[in-house]
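Number of protein chains: 4
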Amino acid sequence: MRSLSVARRYRRATRPRPGQATLPPRRRRGAAIKAVRLHAYKAAPTVDTVAEPEITGPSDVIVRVGGAGLCRTDLHIRDGWFAGAVAVDLPLTLGHETAGWVHAVGSAVEHVAVGDTVICHPNISCGLCKACRAGQDMACAKGLNFPGLTRDGGFAELVKTSERAVLPLDPCVEPVDVAALADAGLAAYHAVRKTVPVLEPGGRAVVIGAGGLGHIGIQCLSALTPAEIIAVDRNPEALNLAGQCGAHHRVEADGRHIDRVRQLTGGAGAEVVLDFVAEGTAVQDALGMLATGGHYYVVGYGGTLSIPTLQLVLGELEIVGNAVGTADDLAALLRLATAGQVTVRTAPYPLEVAGDAIADLEQGRVRGRAILTP
Amino acid sequence: MRSLSVARRYRRATRPRPGQATLPPRRRRGAAIKAVRLHAYKAAPTVDTVAEPEITGPSDVIVRVGGAGLCRTDLHIRDGWFAGAVAVDLPLTLGHETAGWVHAVGSAVEHVAVGDTVICHPNISCGLCKACRAGQDMACAKGLNFPGLTRDGGFAELVKTSERAVLPLDPCVEPVDVAALADAGLAAYHAVRKTVPVLEPGGRAVVIGAGGLGHIGIQCLSALTPAEIIAVDRNPEALNLAGQCGAHHRVEADGRHIDRVRQLTGGAGAEVVLDFVAEGTAVQDALGMLATGGHYYVVGYGGTLSIPTLQLVLGELEIVGNAVGTADDLAALLRLATAGQVTVRTAPYPLEVAGDAIADLEQGRVRGRAILTP
Amino acid sequence: MRSLSVARRYRRATRPRPGQATLPPRRRRGAAIKAVRLHAYKAAPTVDTVAEPEITGPSDVIVRVGGAGLCRTDLHIRDGWFAGAVAVDLPLTLGHETAGWVHAVGSAVEHVAVGDTVICHPNISCGLCKACRAGQDMACAKGLNFPGLTRDGGFAELVKTSERAVLPLDPCVEPVDVAALADAGLAAYHAVRKTVPVLEPGGRAVVIGAGGLGHIGIQCLSALTPAEIIAVDRNPEALNLAGQCGAHHRVEADGRHIDRVRQLTGGAGAEVVLDFVAEGTAVQDALGMLATGGHYYVVGYGGTLSIPTLQLVLGELEIVGNAVGTADDLAALLRLATAGQVTVRTAPYPLEVAGDAIADLEQGRVRGRAILTP
Amino acid sequence: MRSLSVARRYRRATRPRPGQATLPPRRRRGAAIKAVRLHAYKAAPTVDTVAEPEITGPSDVIVRVGGAGLCRTDLHIRDGWFAGAVAVDLPLTLGHETAGWVHAVGSAVEHVAVGDTVICHPNISCGLCKACRAGQDMACAKGLNFPGLTRDGGFAELVKTSERAVLPLDPCVEPVDVAALADAGLAAYHAVRKTVPVLEPGGRAVVIGAGGLGHIGIQCLSALTPAEIIAVDRNPEALNLAGQCGAHHRVEADGRHIDRVRQLTGGAGAEVVLDFVAEGTAVQDALGMLATGGHYYVVGYGGTLSIPTLQLVLGELEIVGNAVGTADDLAALLRLATAGQVTVRTAPYPLEVAGDAIADLEQGRVRGRAILTP
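The listed protein sequences correspond, in order, to chains H, X, D and U. Residue numbers 1 to 374, in my numbering, belong to the letters of the first sequence in order. Residue numbers 1 to 374, in my numbering, belong to the letters of the second sequence in order. Residue numbers 1 to 374, in my numbering, belong to the letters of the third sequence in order. Residue numbers 1 to 374, in my numbering, belong to the letters of the fourth sequence in order.
Bear in mind the hints are in silico, worked out from the structure with no lab data behind them. Check the hints yourself; a few may be wrong.
For identical chains, the list gives no copy identity; a pair is met inside one copy or between any two copies.
Each computed DSS-like pair below joins lysine-lysine, with the alpha-carbon atoms no more than 30 Å apart [said to hold, decoys possible]:
id	residue 1	residue 2
1	Lys194	Lys142
2	Lys142	Lys42
3	Lys142	Lys130
This one's a predicted model, so the numbers in the text were calculated from it and none came from an experiment.
With the rest of the complex left out, here is chain H (with noise of 0.2 Å):
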């Protein structure tokens, strides 16, 4: 769906040609890469020169970026909103959503070789402790270790991260068409996930926002559920994206949208809503778009949830917050995307114009996902 023209001038200048995949990369130990980097919270980062990351751990792996995601999540970092939530260190190089070519490798890892084409899972989790043996990579014991937020991340040419993180793809996938999956994709799968026991036949799922993880949840709802599904949006555009996705109906956040979702919903309600955006009002709209016995599924943040609790109790509603997902939400992913039942929009950008990136999504002119790529 996207133009292919941008990605594809990329990939010729940095893609390893047929037949050296598996050649050592051609950097030199030492060499200087470029990085989109946070000097200081509601600062503009910019786009600097820094040493590349050296394997220094049994189980590193460095990956040669091929495409980064830009996220609303890295607004708010930029903004100072995760600043007594996590662990973060200034200046840090953002980026959280990945995908490239192995370009180095420690000593214990086994499953990818350098060349191999890969899609990095946010998270680096220990594999060890009771969340991770669970496949709950996100609520691993030793705490978020989070390439662009913790540490430094993908928009950059090369990034680091670990064996666990670390996914492989069929070599002839493009990393700038995939690396939304990493965590766009994978929050709006792990949340529609949950949807499934809940969407019978004549389920009615309410999807809140169809930019860069509302139009791949639509498409997820689509694979998964039976469910007719409603997506809200302000945005006309976006609507007509939610339409190709899959949606069955479209309407415009005017201020009249509850009414018009309880009008299709036979005045019920919907059993799910899915909220990708859950600032401004959105909120309080999802409350008053349940029915009786709900689901809210909060993957969005930004805003305050309030309501009474007799309202949660006469309604029996439930209440679900969404962190990321899991290597196996994303491995799941990667296969609806294979089947051809999940197709990402994506709008690239080079590297060095992170700054256009950036001010296009704050103006709500990205339809899909904006791509850097180094």
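Dock chains X, D and U against chain H, hints included.
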């Protein structure tokens, strides 16, 4: 656990004598009965004499009340909290937690007969809508049809309900001993049942409020899960009851209770918080006690839940409203009671002194559940 | 998908004319009706004239049959397979898969009225036992009460059933078009619904038998899961139908089909096998197609499952029996049909030529489902 | 519960002295160790002297064995049952149920150190395949890598395993007391955990075989479910142990046991049968004890399950194979043991008299679990 003297005296007067259980009831049609009725919001209910209910439909069942539990919800109804949320007409006989003996049945009723000992599910459901067919009696498409809330209830000598809302009991059970299971027990069991998939060995469950609901909830947790149970209450006697019911830890709600729960859970917080209060500071307390990935079950009501969506998302929290319970839940709870795994602590009051019972409940002087006995 | 001519002719004769739907039925009480009846095991059923059924209880419903599906189970009943397993008295009017219009109702029936278009759940359940209250209509504590098996069924002009076994349809639906959903569709949907938690993206589901049940099962799999669907049948025309219904792969059961399924699943076998045959070699075939951790859903019957417990344990296999389905399942399936996600391929036969339909079914000449129309 | 004398003597000899736990092990590299080895199928294993195992990979862990349980599977391995099913090379050191102290670790191992008390999960899994990431350690895509079955096991002074297969224990735990949890306990817990959604209050669980697995299974049922537990065994002493472990009913397998279970369940049969035998008549017994809608969990093996598909379908039965368990299961079971909810009955034997232990197990003279102590 309760003092038996009051109930025994009562029983001699009203229980069908051996061999008489199935005889026609001694009252003539059109006779008058005593009932505790609400005439105006925020005014004390009065003990009135009213016409006795009559069978008018094929599925009707009239129950001679053996005991009817007094619930915090009765205070909330009195104070008008439900006036906007459900259809309530005054004057209204209160009481939605009732057990007794069948007094009269409509022509289509087959599963109980006059004289049978029964307990009443609080809601009269249609049996044919989608929710009813899935056992979700509280979500009946015909809306709440709830003696003591939307029609005359069980603080009376007789109460009229319907076929689906009457569950037969072993004839040796005393209604006064089990009436509290019909709502307090049912709501507690319903919420605890939802925790079963969440509470693995080593899991921790905090119970906020060890009163009428909480002391049953603790016993249900013991019977259904391997969890370590932490009871929180401001009243030391309630905490004693919690300990007798199986709580492993008792925490006085003295302002340092969040810290105490954090300490008891190794700093992590609890996987489950069951909140039978959900008024005042309880809601914020509960959120402060939750572990990452924790589940918060709201059974009480009155307060407002307020939480930044970032906290909901980062913690991947789940917040679950609980509306009473299903007839299946009630049947399961009765099986626990029969097996001795759940016992109700009751404080019986003759119907005439309903005002005393209300005052004791409001002043925190009731341990377990107050039961009105006609 | 079916040829419409036969059904259309029929409809003109028997359907209530516009504006007459709620008029009393034209028949006088005590009139005679045609019915296909079994008089002796292993003998051909005959088309008899019998007294029409009458309302005797408050929950009774008599349905004027619009169409009744012919099922392999009818052959098994004829051959005496159920004689030991359930209470069957001969002579018996066959037919357990019926749709039509309400002809008469008992005094307590409120949710449907004379003239309404309805479909019949195959089992008449009590509504008050533990199983019924949990929606498990087939497991009613009163045992099977199954028109066409334990009492007179739907191969007749009129059939008597009960309130809980009648689901209202949109008046524009033709009973002959949906009758097959009442049992073939229901059984297929019921089994497919159980596969939902098992079939993640990339999962493979084998469907053995693409006949009356199987062709609906394939459509349900498409609607409810992201699975890759592999249809197996010995009949090429049935495989064509499977392809039209959404099967991704079609495998002829020619003796090499186990190998072919193994090949299509990369050697691993399938996560799910749905067996609508379960006679002859189908059971061993199914076990041979299962992956480690695989689930085998048995819907057909007639054969014997035989497996060493070592194989069951090493493979951590699950084997799941499926008995028809619930009223909730039927309602969900009707919603899929309304949304166009499930269509039934039917082959209508006038009631008088029931013998031809039976012969065609036995000889494998029916594609989709044969429907008898009075 | 066990006689402590033998184990105590052993411990004095081999346990690291206080203050020495983290010192390098006293053995020199290349030293010899004792091991119980199988040289030919159907021949008695012998106590041999072999070279001690060495660290060769970064994830290797060598454990000094404190105790290793003797399992009926060891007899089956000896008799060649697994020769076709998994890759087994002879000679082989038996023993797949081991606890002890860490003796040496590879360069990448961080979560345990030399001297730590540990228990071994029986299978060495890769940690990166789909199954491992979902916590299904037994279904690792690399296949079984199972000390005592596919490589040298724990009936020896030292056993070599790997990082993911080693769980740390509290240092005050004696390995000989918990070794039986590593396989017997794990398999029992794994199956019991699957019964949790099935066993509501009033549910009945039959346990066939109250030996090494069964006596732990009964305790897990008590801790995790509200079920009424019925133990079935042919040995009266085993039934006594079952009673001590929490079984509510004890049924001697004397030929009338199916009738007895039917009687105890009011004629209906049990919702759950857990079969720790699954040889001889046990499988048919189990099927005869199941209620409609019942679940049959097969943990033992050796016999053949044979059931007409009509019975499977009419009864809507589920048959569930169980392959050992996951590392998460083992951790959960250890938490139950720490909380005192599960205790193992052990019968310790010095490694040198392994032959006696084997003879006692074959003759039914072991109560609980026989443990070999080097």
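These are the hints, each one checked on the structure:
| no. | hint | verdict |
| --- | --- | --- |
| 1 | Lys194 <-> Lys142 | both (25 Å within a copy, 29 Å between copies) |
| 2 | Lys142 <-> Lys42 | within (29 Å within a copy, 49 Å between copies) |
| 3 | Lys142 <-> Lys130 | both (11 Å within a copy, 22 Å between copies) |
Of the numbered hints given earlier, the model fails none.
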